[in-house]
Amino acid sequence: MTSPAMIHRSESAVSVELQTPDMTLNIGPQHPSTHGVLRLVAKIDGERVRDVEPVIGYMHRGYEKLSEVRTYAQITALVNRIDWVSGFANEVPFIVGVERLMGVEAPERAQWIRLILSELARISSHLVFMSSYPLELGATTPLMHSLREREYILELIEEVTGGRFHPNFNRVGGVKPAYGGGSTTKKQSMDLPAGFFQRTAEAMDRMDKICDDIDSLVTGNELIKMRTVGVGIIPADKAIEYGLSGPNLRASGVAYDLRKADPYLTYDQVEFDVASASDGDCYDRYVVRLEEIRQSVRIVRQAIDKIPSGPLQTKVPRVLKAPKGQVYSRAENPKGEFGYYIVSEGGKMPYRLKIRSTSFSNLSILPWILQGQLVPDLVAIMGSLDFVLGDVDR
Amino acid sequence: MMDFLDGFWIQLILKVVGILLVVLTGALVVIYAELKIGSHMQSRIGPYYAGGRYGWAQPLADGLKFLQKEDLAPDGADRAVYGFAPYVVMMSTIAVFVVVPFGPDLVGSNLDIGAFYLLAISSLSVLGILMAGWSSANKYSLMGGLRAAAQLIAYELPLVLAVVAVVVQAGTMSLNGIVEAQAQPVFSIGGFDVALPYVIQGQILGFGIFMIAAVAELSRIPFDMPIAESELTMGYLTEYSGIRFTMFFLGEYASMIGLSAIAATLYLGGYAAPGIPESLGNFAGPGVLLLKIAVLVFVIIWIRWTWPRLREDQLQRLAWTWLIPLALLNIGLVSIFKVVF
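If you're matching them up, the sequences are chains F and E in order.
For the record, in the first sequence the residue sitting at position 341 is 342 according to the working numbering, with numbers rising by one throughout.
For the record, in the second sequence the residue sitting at position 193 is 542 according to the working numbering, with numbers rising by one throughout.
Bound conformation, chain F alone (with noise of 0.2 Å):
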């Protein structure tokens, strides 16, 4: 470092470079767009973002420590305070190792309500994206009517489980519904409630017209393409990278979906495309999202008109015990790969459970994709990758 008084004056007009210290901008763990408690150290030079530390951890539960004193029943409550957005889908990778891991094979209703319900899990993660992305961008509108339109699907997974957002409904070797779903027999009041299938047509063609509302009053918008067509550009082999998954992977061009590569529960029996794009800006991203909705739309039809009739549940021990062994179970959530990875050395609870969330692996792109950009668009690559904080610290 040299000081300015050090050079001869004649110099310092066209040597010295003006040196402006960049400044500590230490955004969250209490911030608007943070989406919770995310802390951002930036050192910004101006409006211009020159580096990012992401520092995560403020909502951490341990649930992987606390599920090692938990039988699998119990921890299907822990799991699905995992990625609150989206609870149900939290469950479904879980159970469905576990009955992988002792050998149960859930009835085939069952496996058809799994997913009707992790579609419309899917359906109101993406409805909570919706809403949050316009306002991080400063449209505060979009917010009101997606998630009045989410409400529907609460109501439905509400109907069918009990909980909003926690529906702990699975149970190794099938689904429990809550109790008298409307019906007065014994033998029905095991089943759904009545009329659910009539009422979720309904909310599904609510779905299609909210998604051609909000491709009128966001997809079209030129202030929005502004703020977003090639801003956090993410190449396809820097997503592989990072290990982004999810409608993040396939904006940038991978079409990879675990409900097509790994089918789980009957995907494979039902129909829709995988939807992707090409630029991974985070426009993109954007699109794809709204494109997955109709997409579950579509899958959820099919459900519904083939799902079988039967019980919901197989007959199990009374005291579930898994035997020596591990198992890994993925499934395609509404961010991403989620994954499970369960080690059991015998007995009612599991000896380790490593949970891969989804939203860890895709925050982890943080450093790189920010490093360049301004402030607002850091704001809007942030909310465009559709994290959410429990699903990082767990």
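Hint data in this document are derived by calculation from the structure and do not stem from the laboratory.
Cβ atoms here follow ideal geometry from the backbone N, Cα and C, with glycine treated the same way.
You may find that some hints are simply not true.
Quick list of in silico lysine to aspartate or glutamate cross-link-like pairs, EDC-like style, CA-CA up to 20 Å [claimed, not checked]:
hint: 1; chain 1: E; residue 1: Lys488; chain 2: F; residue 2: Asp23
hint: 2; chain 1: F; residue 1: Lys307; chain 2: F; residue 2: Asp206
hint: 3; chain 1: F; residue 1: Lys226; chain 2: E; residue 2: Asp662
hint: 4; chain 1: F; residue 1: Lys226; chain 2: E; residue 2: Asp573
Pairwise CB distance ranges, derived in the manner of DEER restraints [to be verified]:
hint: 5; chain 1: E; residue 1: Trp671; chain 2: F; residue 2: Gln199; range: 51 to 59 Å
hint: 6; chain 1: E; residue 1: Lys414; chain 2: F; residue 2: Val317; range: 56 to 64 Å
hint: 7; chain 1: E; residue 1: Pro423; chain 2: F; residue 2: Lys44; range: 17 to 25 Å
hint: 8; chain 1: F; residue 1: Gln372; chain 2: E; residue 2: Phe647; range: 40 to 48 Å
hint: 9; chain 1: E; residue 1: Gly400; chain 2: F; residue 2: Gly221; range: 35 to 43 Å
Starting from the known structure of chain F, arrange chain E on it as the hints suggest.
Okay, now just chain E, sitting in the frame of chain F:
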């Protein structure tokens, strides 16, 4: 009676009280309108209980609540500047109304250089914002203040150039003069003299530019980068609380009325309206002007609840590649028009 009104001090007091009443109650009304219009645009109901019916007392209740809050200042704040900043903003907002004519005689002061005074005084609020951002000892505030200053570079020139065209057309800088010029009949159909406001007399371009620049000056969506809640928490307002925050808040809405009043005066014919004879101007004038202000305020609110926010560089690009060339073109066209006809 009239002699009594002629006294200088009496007039001064009446004018000051009158302007303050218009500005402050107007600001409260606009806040209520924003709450209600915004919520109906979002399929909500909005304030409902305060005041018994339709939540009409909500702005008052909010204001009273703010008054009770502690007036906090951060430890590292430059207290004198920090405390003074809201008053600078408020002062510049209220001073705008000095030259806005509500009727032929209902004007604070009919300055010969009214338009010039307006432009000078309305930009002063940025000084207050910069003071607030700088003295808050908060990085978000600082960025918000600097953004407001940067924004000034973008909108101030189009604003001035748009007004220049009006001044050229009217041939005077006095706002009363501009209103009277618009009230002059342009042509007559079967004995009816038809007067047209400037927005119809070829100033539509200038009106558009003025309104865009005005929204930018107000720092409202889509140009609310200095506040930008999702980016800078609340920009230069971050550290303010209590009465000083109320000052900023009222100032924002009052200047919304102020700029709408200017736009209505310059482009929409001010207090004059077709069918109202000149002799009634002092009685009907305020109502006519307030109606025009209400329309413009509604448009500004409507935009706020519809559009997202732009980036600072995008505003600069918009201003320098579109607004300023178009404003210059507008001046040229108006000048040619003026000379030829």
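Status of each hint after checking the structure:
Restraint check for Lys488 (chain E) and Asp23 (chain F): satisfied, since their Cα atoms lie roughly 12 Å apart, inside the 20 Å limit. Between Lys307 (chain F) and Asp206 (chain F), the direct Cα distance comes to roughly 18 Å. Compliance with the 20 Å bound is thereby established for this hinted pair. With a C-alpha separation of about 15 Å, the suggested pairing of Lys226 (chain F) with Asp662 (chain E) holds against the 20 Å cut-off. A distance of roughly 18 Å separates the Cα atoms of Lys226 (chain F) and Asp573 (chain E); the hinted pair therefore holds under the 20 Å criterion.
Under the hint 51 to 59 Å, the C-beta atoms of Trp671 (chain E) and Gln199 (chain F), about 53 Å apart, fit the expected range. Distance hint check: the CB atoms of Lys414 (chain E) and Val317 (chain F) are about 58 Å apart, consistent with the given range 56 to 64 Å. Hint check: Pro423 (chain E) to Lys44 (chain F), Cβ distance near 22 Å, so the stated range 17 to 25 Å holds. Separation of Gln372 (chain F) from Phe647 (chain E) is about 43 Å and conforms to the stated range, judged on CB atoms against 40 to 48 Å.
Range check, Gly400 (chain E) to Gly221 (chain F): about 40 Å between beta-carbon atoms, so the 35 to 43 Å window is met.
Checked against the numbered hints given earlier, this structure breaks none of them.
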